[in-house]
Amino acid sequence: MAKIKPSLPASTLRKTPTGIQGLDEITLGGLPAGRPTLVCGSAGCGKTLLSIEFIVRGATEYNEPGVFVAFEEKMDELTVNVASLGFDLIKLQEEKKIRLDHVHIERSEIEETGEYDLEGLFIRLGHAIDSIGAKRVVLDTIESLFSGLSNEAILRAELRRLFQWLKEKGVTAIITGERGEKTLTRQGLEEYVSDCVILLDHRVIHQISTRRIRVVKYRGSVHGTNEYPFLIDEHGISVLPVTSLKLQGEVSSDRVSTGFHSLDQMFGGKGFFKGSSILVSGTAGTGKTSIGANFINAACLRGEQCIYFAFEESPGQIIRNMRSIGLDLQQHVDNGLLLFHASRPTLYGLEMHLVSIYNIIKRHKPATVVVDPITNLISVGSVSEVKSMMTRLLDFLQNEGITAMFTALSRITKINEETDEEVSSLVDAWITVRDMENNGERNRGLYVMKSRGMRHSNQVREFMITGDGLSLVDVYIGPEGVLTGSAREAQQLEEQTGQVLRTHASNRKDREIDRKRMVLEAKIASLRSEFESVEEELNKVYIEDDLKKEIMRKTRSDMARIRGGANRQGDPVKRKGKK
Amino acid sequence: MGEKLVTGDDECKDANEPSAYVLRLFISGASPNSTRAVYNIRQVCEKYLPGRYQLDIIDVHQQPVLAREEQVIALPLLVKLSPEPKRRLIGDMSNTAKVLSGLGITIS
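Chains as they are written, first to last, in our numbering: chain A, 1 to 579; chain B, 1 to 108.
Derived by calculation from the structure, the hints in this document are not laboratory data. It cannot be assumed that every hint is accurate.
[As the list claims (entries may be wrong)] What follows is a list of derived Cβ distance ranges for each label pair:
1. B:P32 - A:Q164: 18 to 28 Å
2. B:H61 - A:K91: 53 to 63 Å
3. A:D88 - B:Q43: 45 to 55 Å
4. A:A43 - B:T96: 19 to 29 Å
Bear in mind the structure is a predicted one, so any value in this text is a computation, not a measurement. A virtual CB, placed ideally from N, CA and C, is assigned to each residue, including glycine.
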């Protein structure tokens, strides 16, 4: 029996995938096929780019030729502008996959002398569509007609006819429009294009700009209604849909090393779970970056693809600094295992960082990533924003099965402690490195705050960064409290001295006891011999007594016999003399 | 779709004359606007430029490539190629005053 997927009913709206990363996800498949879609937004928010990418992706990825009618930019300008995104419009035109048409209209050159219509535009468009068999059409920005022609009544009637005509042609069209004061578009195009309306927005908050996209309306289809951030980079547009947060990523029970043996020991001897997320928090200069670098170094040595997101230091700086603790990260960069992605947190908004992290991860598919430090991103967002971003990032990483380590700078202030906690509830393992100041020196103490699903040490360890790498030492916990650093070493020395002295003392005592025992034993021996001689003496008396008694008895019986007559024959005792 | 490319439709006495008008009218088939425009411009030319003009009538349906080159959008479109400056007039040419000012003809 063939397994029939619950396919959509035939009457359901057909969709045309845009090929733009993320946009097809929030529209659940793309733009309505064979219908016009309105893309509106203020200047510089990426309308033209979105529409040209729609055409180019259609031509290159979906084998749907497209016509791009530009009312604002000239063809050569447009070609140059999008060349930076890797779109070769000239080549695509030669291959008859796309067709560009620049419609220029200049009011000052035109005299209106009566009734007219836009049949010329229809004919041009029709010819362009038919010449390459186009399935996609972009009109960017059709509102320019309003500045070129003065008879609005005609224009509006003609636009209505145009959109109807596009539908009849069966092409999927994008019509762009400039954002108006109160309406979505300056000329109220949304009245005519009512199937799908997408709003682009370019907002500046705290001097950091973020582009956002929102599907305002999508007739006949469900769609994501939120605002989604999007990014324009050298690979085009990418929209980041807020992930579904279904919490159903696959989990692995494989373990990966933390990078050094003594830390592995704290995690049940095996290290972290593969695909888990680890937070390393600590105050300034506690070696968070070193832990991160060490972790990624170990991953590279295992032959995994890794990405290091640096928000504080440049890659060169990190490589140089890590050389001082015996890590050669350069070799991993050279053999292509390790990729550094460094950017300033203030470069763009939090959402944009997320999108760019997302993009890079999608492109390189690493097994391990380090984000150092995550807290620097707080400078561009509030605590709740960071948490929401972290949730999405962690969710994404978990779905991809990527082991991720984040470092977080905690300051002494309460606010940042909160951040630690906000973030820490999301991660699987949390290591804290803390400064311990004592006796005029500063030492680092490392704790495992939590580690889900495995036995882990509850001990504070002293975290040492040496030229040979990282290591952990048990701290001294004695009557004077927790001792670290030189205090710990002094205490250990003292203990060793004490040990030697004690050993010596006990040896002496042992010998004395031996001697005493010998003396005692000698005494016991002499007493025993004394006792024996006394006993012997006593015995001698007893024997003599017995002998006397015997003799007396004999004598008495002899005497009795003698006196009693001689009728008693055979009396043996005869020879004994009288006493 | 009536005429294809009508060159020198009306009498053209001497195109080389300095004041000769070279006009090109783009129309779309036999639409009411187009028919009116052809009629009106002929009236204007005959009245104000007798024997001094050359009028080409082009059906854009037949010449879509030309439409692209000439930036044709609104129809009917009258392009005055000569004398300078080049001017573009759209509409059915029913507003004679505007047609004349567009063509640079002053009524004496």
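Results of checking the hints against the structure:
no. : hint                       : in the structure
1   : B:P32 - A:Q164: 18 to 28 Å : holds, 20 Å
2   : B:H61 - A:K91: 53 to 63 Å  : violated, 31 Å
3   : A:D88 - B:Q43: 45 to 55 Å  : holds, 52 Å
4   : A:A43 - B:T96: 19 to 29 Å  : violated, 41 Å
Against the hints set out earlier in the document, violations occur for numbers 2, 4.
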